[in-house]
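Work the whole structure out from these sequences, hints included.
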Amino acid sequence: MIATLLRGVLAGAILSGTLLLYATLGEVIVERAGIVNLGLEGILLIGASVAFAVASVSGSAYLGVVAAAVAGGITALLFGYLVVSRKANQLASGLALMFFGSGVSALVGKSYVGGVIAGLPKIRVPWLSGLSWVRSSTLFNWDILVYLTIPVALLAWWLLFRTRWGLGVRAVGENPAAAYASGRRPQLLQYQALFVGGLFGGAAGAHLSVSLTRTWNEGMTAGRGFIAIALVIFSKWHPIRAVVGALVFGGAEALQLQLQARGAQVSPFLLDMFPYLLTLAVLLAWGGARRAAAPAGLGRTFYGTE
Amino acid sequence: MKNLKLGVVPLVLMAIVCLFPAHAQDKPALIVGAIYIGSVNDYGYNRSMKDGLEEMKRNIPGLKLIEAENVPETAESERVMENMIQQGAKLIFPTSFGHMDFALNVARRHRDVFFYHPGGYKVEQNFGNFFGKTQTAWYPIGIAAGRMTKTNKLGFVVGQPIGYALGNVNAFQLGARSANPKVQTIVVVTNSWSDKAKEAAAANALLDQGCDVLAMHVDSPAVIIQAAEARGAMSIGFQSTEARRLAPKGWITGLGFTWGKFMTEVANSVINGTFKPGFVRQGIDEGMMAVAPFGPAVPPDVRKQVLEAVDKLAKGFNPFTGPIKDNEGIVRIKEGEVWGNDKMGNFDWYAEGIIGKAK
Amino acid sequence: MRAAAALRALRQIAAWCLIALRYLAVIVVALAVFSLILLVVGKDPVKAYADTFAYTFGNAYGFSELLVRMSPLLLTAVAVALPSRIGLINVGGEGQLYMGAWLASAGALAFPSLPAWILLPLMAACGFAGGAVWAAVPGILRAKKLVNETITTLLLNYVAPMIISFFIFGPWRGEESSSYPQSAAFTASARLPSFFNTRIHAGLLLALAALLFYWLVVEKTRWGVQIRAIGGNPEAAERLGIPLVLYTVSVMAIAGGIAGLAGMGEVSAIQGRLRQGLSPGYGFAGFLVAWLAGTRPAGILLMAFVFAIITSVGDILQITQGLPYAVVNILMAVILFVVLGRQPGRRETR
Numbered sequence: 001m002i003a004t005l006l007r008g009v010l011a012g013a014i015l016s017g018t019l020l021l022y023a024t025l026g027e028v029i030v031e032r033a034g035i036v037n038l039g040l041e042g043i044l045l046i047g048a049s050v051a052f053a054v055a056s057v058s059g060s061a062y063l064g065v066v067a068a069a070v071a072g073g074i075t076a077l078l079f080g081y082l083v084v085s086r087k088a089n090q091l092a093s094g095l096a097l098m099f100f101g102s103g104v105s106a107l108v109g110k111s112y113v114g115g116v117i118a119g120l121p122k123i124r125v126p127w128l129s130g131l132s133w134v135r136s137s138t139l140f141n142w143d144i145l146v147y148l149t150i151p152v153a154l155l156a157w158w159l160l161f162r163t164r165w166g167l168g169v170r171a172v173g174e175n176p177a178a179a180y181a182s183g184r185r186p187q188l189l190q191y192q193a194l195f196v197g198g199l200f201g202g203a204a205g206a207h208l209s210v211s212l213t214r215t216w217n218e219g220m221t222a223g224r225g226f227i228a229i230a231l232v233i234f235s236k237w238h239p240i241r242a243v244v245g246a247l248v249f250g251g252a253e254a255l256q257l258q259l260q261a262r263g264a265q266v267s268p269f270l271l272d273m274f275p276y277l278l279t280l281a282v283l284l285a286w287g288g289a290r291r292a293a294a295p296a297g298l299g300r301t302f303y304g305t306e
Numbered sequence: 001m002k003n004l005k006l007g008v009v010p011l012v013l014m015a016i017v018c019l020f021p022a023h024a025q026d027k028p029a030l031i032v033g034a035i036y037i038g039s040v041n042d043y044g045y046n047r048s049m050k051d052g053l054e055e056m057k058r059n060i061p062g063l064k065l066i067e068a069e070n071v072p073e074t075a076e077s078e079r080v081m082e083n084m085i086q087q088g089a090k091l092i093f094p095t096s097f098g099h100m101d102f103a104l105n106v107a108r109r110h111r112d113v114f115f116y117h118p119g120g121y122k123v124e125q126n127f128g129n130f131f132g133k134t135q136t137a138w139y140p141i142g143i144a145a146g147r148m149t150k151t152n153k154l155g156f157v158v159g160q161p162i163g164y165a166l167g168n169v170n171a172f173q174l175g176a177r178s179a180n181p182k183v184q185t186i187v188v189v190t191n192s193w194s195d196k197a198k199e200a201a202a203a204n205a206l207l208d209q210g211c212d213v214l215a216m217h218v219d220s221p222a223v224i225i226q227a228a229e230a231r232g233a234m235s236i237g238f239q240s241t242e243a244r245r246l247a248p249k250g251w252i253t254g255l256g257f258t259w260g261k262f263m264t265e266v267a268n269s270v271i272n273g274t275f276k277p278g279f280v281r282q283g284i285d286e287g288m289m290a291v292a293p294f295g296p297a298v299p300p301d302v303r304k305q306v307l308e309a310v311d312k313l314a315k316g317f318n319p320f321t322g323p324i325k326d327n328e329g330i331v332r333i334k335e336g337e338v339w340g341n342d343k344m345g346n347f348d349w350y351a352e353g354i355i356g357k358a359k
Numbered sequence: 001m002r003a004a005a006a007l008r009a010l011r012q013i014a015a016w017c018l019i020a021l022r023y024l025a026v027i028v029v030a031l032a033v034f035s036l037i038l039l040v041v042g043k044d045p046v047k048a049y050a051d052t053f054a055y056t057f058g059n060a061y062g063f064s065e066l067l068v069r070m071s072p073l074l075l076t077a078v079a080v081a082l083p084s085r086i087g088l089i090n091v092g093g094e095g096q097l098y099m100g101a102w103l104a105s106a107g108a109l110a111f112p113s114l115p116a117w118i119l120l121p122l123m124a125a126c127g128f129a130g131g132a133v134w135a136a137v138p139g140i141l142r143a144k145k146l147v148n149e150t151i152t153t154l155l156l157n158y159v160a161p162m163i164i165s166f167f168i169f170g171p172w173r174g175e176e177s178s179s180y181p182q183s184a185a186f187t188a189s190a191r192l193p194s195f196f197n198t199r200i201h202a203g204l205l206l207a208l209a210a211l212l213f214y215w216l217v218v219e220k221t222r223w224g225v226q227i228r229a230i231g232g233n234p235e236a237a238e239r240l241g242i243p244l245v246l247y248t249v250s251v252m253a254i255a256g257g258i259a260g261l262a263g264m265g266e267v268s269a270i271q272g273r274l275r276q277g278l279s280p281g282y283g284f285a286g287f288l289v290a291w292l293a294g295t296r297p298a299g300i301l302l303m304a305f306v307f308a309i310i311t312s313v314g315d316i317l318q319i320t321q322g323l324p325y326a327v328v329n330i331l332m333a334v335i336l337f338v339v340l341g342r343q344p345g346r347r348e349t350r
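Residue numbers (the numbering used here), protein chains in the order written: chain A, 1 to 306; chain Y, 1 to 359; chain P, 1 to 350.
Treat the hints with care, as some may be off.
Claimed, not checked - Derived DEER-like restraints, expressed as beta-carbon distance ranges:
#, chain 1, residue 1, chain 2, residue 2, range
1, P, Val41, Y, Gly287, 38 to 46 Å
2, A, Leu128, Y, Lys315, 53 to 61 Å
3, P, Val41, Y, Arg58, 28 to 36 Å
4, P, Val41, Y, Phe317, 51 to 59 Å
Note that these hints are calculated values from the structure, not bench results. All C-beta atoms, glycine included, are put in the ideal place defined by N, C-alpha and C.
This is the structure:
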């Protein structure tokens, strides 16, 4: 009995957590460069609508994912123009980006609302998916984006901590003036970080529309972008810890539905609040430690001589 | 300043357009307005409404239809309806239940415009109410599910736990149980009539629990049916019979609305000046609902049993005849008591064999 | 002397005109950009703008709807502007509005037989309290340097509507319509009066009062000067002996309370009961209004009016051009982009 509940929650956690992880990884890279992008929700929406539109028209969900990633990257560059070149307030710009994403996604997705597509094909892992405990669930029978989550997280970690580029990005996030003084170009690095973050965000949105639901409707991300922003804090700006965070929060989403399916005598509305309250609780618990872990220059605008 | 110069152009254009009078068009026989809560491409409720309106339009030459999709169930909808009246609409179908109070406000301000609202309960001189007798119609559908399941676990995804939805689940379970005494129905609530991500996760959760047939009461059955089909389970559709195209293998049957006949009657009554507001509830036999075609996997004896039940309903059978106990053992419909149409919204309990929390 | 005074007055008027022109220029540029977007998707922007103009200004009902929309917008904008003076970012207008609606409904449902002149102020007080508490929690967390208020207010936006759903499906489920997700209807004494046979309601007066309060407090009182000092430099303010925690929490609470009043207005005047979907994004729109207005009270009034018109553009687009209402969010975003990008930001601490 417990085994089936565990299996259901794990399966649901992986499915729901995939897009949370991609979004979080993107935002980790961006925040490491010192920028807070509250408009992540907007990028997710644009990614979801573009992916669905392209998949509907071309018949290829893979193409949809690529298009979504590119769209996310371009949107992030637009945001970058505001906060890096024009030195606008990051929080207000982020919220404006959220509005922008909401509107653009509605426009792009308009002709495809309610349509259905085949979606990303599922790939079965030969031996593992046949195991008796696994067999009747969705475990090890996933689309490519799910399989790529761990490799991509490792890639993000490697990028940030094992390359010169990552060193530069982190330096800008800690102290842009010092980074500039040591010969780096903070603005270029921030643009690049934003672009990569946008690629990830667009792919995250794509997973929602071309894999999880295989459809599109307005506002379908329902605040997941903001949960991702909280997840960045939860994972202390570290890509590998983000994997745990995404699983926990994906699990919270899945748990409430699995509990209902087992006849739990709790109001579905109270269960619904669980992911958000968990996020808040975690932020609270992390409170003090967070300040030490955050990039020192997070949210500050660089007024250097560029 | 560059900014100002750019901005002058739209202002000037606006001014020019305002000065040009609108050219007259041919006068249509009737202008009908319709507002949908979602998109008409949903294989579900909105699709059924659109199909009904299109049928009405085909039946009445010279009828003009103005529509607005994605109109939320809030005070915003009043604005949209007022706008349609401005454009000459004389008959309005506010197609979602939650549009009721706002449509009523508009109706009170414009007594010369007529409204027929689906699913509500208020009636006034220019405001009527109609819906299908869904609850009883779910009974034969339940029979189909009860016969087809191999795990004896049926899954039901509910958007919001309103009385009518609970009634649907109850009839479904009662029907299933009559054909298969061991069957159980598990209910998962998504708290929204169309949250696709939740629907997908809910469907997966039910499948994880061992259900092999999924039914639903949400605006669009598409996501849930696709989830079932992807994992080799069977599905039952609701709202529109078109949904069967999504599940070529696993489709059992479904329940759809066929509003066209009734809508044509209402439109004609407005044109002839014989509009009569009422509390209209019609079932399968009166043409407002239809049982969807059966899927390829359904054997002939199951089809026969289902159609026999439909026939029984037409002859007056009501599945909500006491004694009926709820899933905690309490008797909810007493011996000899029958719950008719007027009580279909009063369900706040689940029948025996249903796993779920009603409130 | 008179000539000098007249000259000063003229200069002041000229300054105001220039400010208004700058606002106008921003709007016009944004409209132009939005027109381009509409053209790209094959829609007719000129017709859309013309239709909007005709509907909002050529039609008494349409114009009255602008004022109906402005009432909650003014309140949620003040709810953002006030904390911004102290350096706080309150994005929780939506949630605070809902919690205000919730507590006001509690008052209406608990005391249905009270006369209006007691019940309405009681409901207003409840509305204020509901929003205030909802904002005070993030305020406390921020004051104790635990969590940034931006993210807490954002997350709480999603929790508030669920609390309302819980109550209207459960303990507060209405009797006469027991099957539907709404509370029982409020008694007549719990309804804010409307005017002129439109939906313009007394909430507008509350909103204007809140705006006046905001202006008075921030510009004219010593407390206002103090919180502006904090906004400029928190560390210095602390050294001057201003109790930061107290101010942070109280300002957030007052701001949340003002947003809560918007919820009370919606539920008392417009809806007449508690149900879901009370706010089509008033909280977020209020944020944009406050930002564009540069937190000046007159600017808030003007921008709320402009935003009300813009939302009408959304309705028109939906009905006559077949575009989803959400597309108008692009216009709002572009307006903010233009303002944000107009000049390199001034130096600011976080």
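Checked hints:
Taking 38 to 46 Å as the suggested C-beta distance range, the pair Val41/P and Gly287/Y conforms, at roughly 40 Å. The hinted window of 53 to 61 Å between Leu128/A and Lys315/Y holds, with their beta carbons roughly 55 Å apart. For the pair Val41/P and Arg58/Y, the supplied restraint of 28 to 36 Å holds, since their beta-carbon distance comes to about 30 Å. Range check, Val41/P to Phe317/Y: about 53 Å between beta-carbon atoms, so the 51 to 59 Å window is met.
Checked against the numbered hints listed earlier, the structure breaks none of them; every hint is satisfied.
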